[in-house]
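So the protein sequences, as listed, match chains A and B.
For the record, in the first sequence the residue sitting at position 99 is 99 according to the working numbering, with numbers rising by one throughout.
For the record, in the second sequence the residue sitting at position 501 is 501 according to the working numbering, with numbers rising by one throughout.
Warning: the hint list may mix true and false statements.
Within a straight-line C-alpha distance of at most 20 Å, the following computed EDC-like cross-link-like pairs (lysine to aspartate or glutamate) qualify [as the list claims (entries may be wrong)]: (1) A/K180 x B/E7; (2) A/K180 x B/E346; (3) A/K180 x A/D132; (4) B/K383 x B/D27; (5) B/K383 x B/D325; (6) A/K173 x B/E7; (7) B/K383 x B/E346; (8) B/K383 x B/D505; (9) A/K173 x B/E22; (10) A/K173 x B/E3; (11) A/K173 x B/E38; (12) A/K180 x B/D502; (13) A/K173 x A/D132; (14) A/K173 x A/E159; (15) A/K180 x A/E159; (16) A/K180 x B/D388; (17) B/K383 x B/E405; (18) A/K180 x B/E405; (19) B/K383 x B/E38; (20) B/K383 x B/E22.
Every beta carbon over 10 Å from chain A, so not counted as near; a handful from chain B, in silico [as the list claims (entries may be wrong)]: (21) G15; (22) R52; (23) G333; (24) S420; (25) A422; (26) P494; (27) D505; (28) Q509.
Here are the simulated distance ranges between beta carbons [stated by the list, open to error]: (29) A/N70 x B/A59: 22 to 30 Å; (30) A/G143 x B/R31: 29 to 37 Å; (31) B/P62 x A/T171: 18 to 26 Å; (32) A/P141 x B/A59: 21 to 29 Å; (33) A/L103 x B/R31: 32 to 40 Å.
No lab work stands behind these hints: they were computed from the structure.
Where is the CB? At the ideal position from N, CA and C, for every residue including glycine.
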Amino acid sequence: MSPLVLAMTSTAAEDPDLALVHAMADGDVDAHRILYERHGRGVLAFIAARVGDAGAAEELLHDVMLAAWNGAAGFRGRSRVKTWLLVIAHNRVCNELRRRVRLDIVPAPEAVAGARDGVAKGRPGALDEQIDLAAAIDRLPAGQREVLDLVFAQGLGQEEAADVLGVAVGTVKSRLNRAKAQLREHLQDADGAHGGHDV
Amino acid sequence: MCEPIREQLAAYAAGTLSAAAERAVVDHLARCSACRAEADGWLAVAAAVRRRAAAQRDALPPYRAPLPAPAHASASPAALAPAPAPQRGRLAGGIAMGGHGASGRFDGASLRRWLPRVAATMALAAGLGAIGLLASRAPGRLAERSDRDGPATAPQAGTLAAAERAATPVQRLSARDGTASQPGAGGIVGREETASTAAAGRDANAAAIGRTAAPPGQDAAPAGHIAEDAVVPATAPATTPTAAPDVAPVAPDPGAPERPEQPERPEPTDRARPSSTPVIPSETAQPPETVAPPDNPTATPEAQAPTAVAPPATSVPAIAGTVHDGNGAPLAGARVFAEVASGGAEVVAETDALGRYAVAVTGGSWLVHVEAAGHALMWRAGKPTPLDADAFDAAEAGAVDFYLEPAAAWAIRGRVVDASGAPVARALVVAAPPDRSGGGGRRPSAAAFSDAAGQYVLPVPTGAWLVATTLDWRGGALTWWGGDGSLAMADTVPVGDDSPSDGIDLMLQP
Chain A
1 MSPLVLAMTS TAAEDPDLAL VHAMADGDVD AHRILYERHG RGVLAFIAAR VGDAGAAEEL
61 LHDVMLAAWN GAAGFRGRSR VKTWLLVIAH NRVCNELRRR VRLDIVPAPE AVAGARDGVA
121 KGRPGALDEQ IDLAAAIDRL PAGQREVLDL VFAQGLGQEE AADVLGVAVG TVKSRLNRAK
181 AQLREHLQDA DGAHGGHDV
Chain B
1 MCEPIREQLA AYAAGTLSAA AERAVVDHLA RCSACRAEAD GWLAVAAAVR RRAAAQRDAL
61 PPYRAPLPAP AHASASPAAL APAPAPQRGR LAGGIAMGGH GASGRFDGAS LRRWLPRVAA
121 TMALAAGLGA IGLLASRAPG RLAERSDRDG PATAPQAGTL AAAERAATPV QRLSARDGTA
181 SQPGAGGIVG REETASTAAA GRDANAAAIG RTAAPPGQDA APAGHIAEDA VVPATAPATT
241 PTAAPDVAPV APDPGAPERP EQPERPEPTD RARPSSTPVI PSETAQPPET VAPPDNPTAT
301 PEAQAPTAVA PPATSVPAIA GTVHDGNGAP LAGARVFAEV ASGGAEVVAE TDALGRYAVA
361 VTGGSWLVHV EAAGHALMWR AGKPTPLDAD AFDAAEAGAV DFYLEPAAAW AIRGRVVDAS
421 GAPVARALVV AAPPDRSGGG GRRPSAAAFS DAAGQYVLPV PTGAWLVATT LDWRGGALTW
481 WGGDGSLAMA DTVPVGDDSP SDGIDLMLQP
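Bound conformation, chain A alone (with noise of 0.2 Å):
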C-alpha cells in the first residue's frame, strides 16, 4: 500500500473540526455553526440519555456550544474537537443532575418511553427482541450506559471515553465488559430473534 493510501486512510491524525475552533476563536459565527450542524446532534443524543427530557438537553446543549465558543481560543487540540464538546456536555449533564438532586427534580417519564418509541420505529423485524436489549440498556447503571453510549454511539475510542469521563482506561474497559456481561441474556434473545429473522 503507498504511503499516500496510508496517509488518507489514518482518520486520528487530523480533526477536520480544529480549523473551525480555530475560525470560531477568531470570531467567525458561521465556523460555529458548522460545528453546531456536525457535532449537534451527537452531543444532544449523549445529553438526552441522561437528563431525560427533551428541553433540558436542548438547554443543556445550547450551554456546551456557548461554553465551545467562548473557549475556543483556549482550545489546544489535545483532544479531537468532538470530545472536547463531549468532556463540556459530561460537565454539564453532572451539574444539571446534582441541580435536580438538590431541587427534587426527577426526569420526565415520557422521556424514557419516547427513546423506546424511536427503537420501535427503528426497524419492524425484530420489535419485542429490540425493544428489551433497549429496555436492558436502561437498566444498566449509568456510569456503564456512559460508556457505551460514547464507544458506540458517539465514536469514541476507549482513550477518549476516559477522557471524556475523567476516569482511567481500564475502567471504561472493565464497564464495558460488565455491561456486556449483563447484557448476555438479552443477546442471546436477541440472537435468538436474528434466527428468527432468518425464518
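Given chain A, put chain B in place with the hints provided.
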C-alpha cells in the same frame, strides 16, 4: 491466540479500530467461531446502543448563534452578496459574517463579563434573534448559491446546467485532492468522473453484476441537492480522510487554499461534460421526494424556494473512504452504494485509481455497500449481507473503508419471480449454511441482487447451501428455496464439481 483479539472486539464493534487492526480482527474472526460469537455479541450491543441514541438524536433544535442578536441582524443580504468566488459561496459569506462579528465583537474578557446578562437575555433574544437571523440570512444564502452556481452553469443551457450541478461536489473533492496529493495524478480523474460516470455506467454495470439500477436521476439528484445546499462548508472539512488539513479550508482564510482551485475548474468541468450530457436527464434539477431522508425535513425543494425561512438543518457532506481488494490493494472501479437506512434514496459512487470514493449524502442514518466484479458484496464493517449490517450516521462516521473478499469460486444461479411468475428485480438473494440448529451458523453468508430479468448470480464456496430471497430485507421475512418457503422445510442446494447449481428459481411470497 484469541486474547489480544478479544480485547479489541468492543472497539471493532464500535468501528474505531485502525484499518490494520480491524483487518487483523476480521481475519481472525473468519477463522475462529468462538471469537465470532463474541464479536456478534458486541455488534448487537453496539447496534442497540446506536438505535437508542438515534432515537434521541433526531430532533436537533434550531441553531442559536452565540453572540447577541444585533450582531447578526446587521448581517444583511447585502453584506453577503459580494461573495466573490463561486466555490466559496457560503463560506465566503461566513467570512463576511466573521468580519462583521469581529468589528462589533467583545474581547474574551468583556464577553465573559457580559455573559451572565447576555445568557439571561439570550433565552429570549435568541429565539427571536434566530428567527430574525434566519429571515434575514435566507435570501443572502440563496444569493450566494446562485452566485456560486452562476459561473459553473453560465456557459451551458438547461439540462446540462443541472447535470453540471449534480456532478459538482465530487469534482470539488477531487480538485482538493489534487492539491493535497499530486496535482494531475491519474487517480484524480476517476474521482472527478465519479458522479457522472457512475450514473452513466450504472445501467451497463448493473446488468453485468446482476442488479437493477434505479433511474440515474435518482442517483444524481441527491448530489445536486447537496451541491446547492451544503457543499462548501461541509465537504471541505468533513471528508477527513481524503483532505489534508492544510487544504481543508473551512477556516479563517479560505481564500488561500481555495483560490488555486479556480483555474483548475474548467478542466474537470470539461471532462465531465461529455459523459454527463447525454445521461443525466433534466429531472435532476428537481430532486425527487425520495431523495430527502425522512429525518431531514428541511432538505426538500421548498427549503430552497426564495421565500424559505428555514435554513438547511443538517449538512452532512460525504461518506468517503477507500475500497481495497482481497490483497489489501486499493481497488479501482468498485461501485459504492449508499442508501438511507430506512429505505428510499440511494446514491452511488465509483472508486478512483487509488480506491477512493466519496458519496455526497444528506444527514441521517445510512447503509453502505460495495459491489465490484470478482468480489463478494460487502456492507460496512465486513458484513456479507445487509441482514446484519449496521446503519450509521454519516456525520459520525470517519473513513468508511472496505476490504473486499474475492468472490467464491462457485455460484448459485436462478431467477426471482413473484407469485404470478413475473421476474422481480432488486430482490435480495442470500445463501446460508444448512445447519438449522446452530445460532450463528444459520446466518446468511453471501448475498446478491436480482437484475431486471429477475436473474441472480450468488457466489458461494463448494458445499450445500440454503437459499432465500426477500424484497424487503429491512425486517421482511425470507422466502427459502424448496419446501413451502419456510426455513424448516427448505431444501439445500449442493454446490460443487458435479452439481449444477443453476435454475434455483425462487418465488417471492406475496
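Are the Cα atoms of A/K173 and B/E38 separated by 20 Å or less?
holds (15 Å)
Cβ distance range 29 to 37 Å for A/G143 and B/R31, holds or violated:
Holds, since A/G143 and B/R31 (Cβ atoms, about 35 Å apart) stay within the stated range.
Could you let me know if the closest chain A CB is still more than 10 Å away from the CB of B/G15?
Incorrect as stated: the minimum Cβ-Cβ distance to chain A is 6 Å, not above 10 Å.
Minimum Cβ separation between B/G333 and chain A greater than 10 Å?
holds (16 Å)
Within a Cα-Cα threshold of 20 Å, do A/K180 and A/D132 meet the stated pairing?
Cα-Cα ~14 Å, so holds.
Mind checking the alpha carbons of B/K383 and B/D505 for me, to see if they're no more than 20 Å apart?
Measuring from Cα to Cα gives roughly 25 Å; hence the hint is violated.
Quickly compare the C-alpha distance for A/K180 and B/E405 to 20 Å and report which way the hint goes.
violated (30 Å)
B/P494: least C-beta distance to chain A exceeds 10 Å?
holds (20 Å)
When you check the alpha-carbon spacing of B/K383 and B/E405, does it fall within 20 Å?
Distance ~11 Å between B/K383 and B/E405 Cα, so the pair holds.
Test the statement that B/A422 is away from the interface with chain A: the closest C-beta pair must be farther apart than 10 Å.
holds (26 Å)
Check the non-interface label on B/R52: least C-beta distance to chain A beyond 10 Å or not.
Nearest chain A Cβ is 5 Å from B/R52, so the label is violated.
For A/K173 and B/E7, compute the direct alpha-carbon distance and say whether it is at most 20 Å.
Holds, at about 9 Å.
The earlier numbered hints that this structure contradicts are 2, 8, 12, 13, 18, 21, 22, 31, 33.
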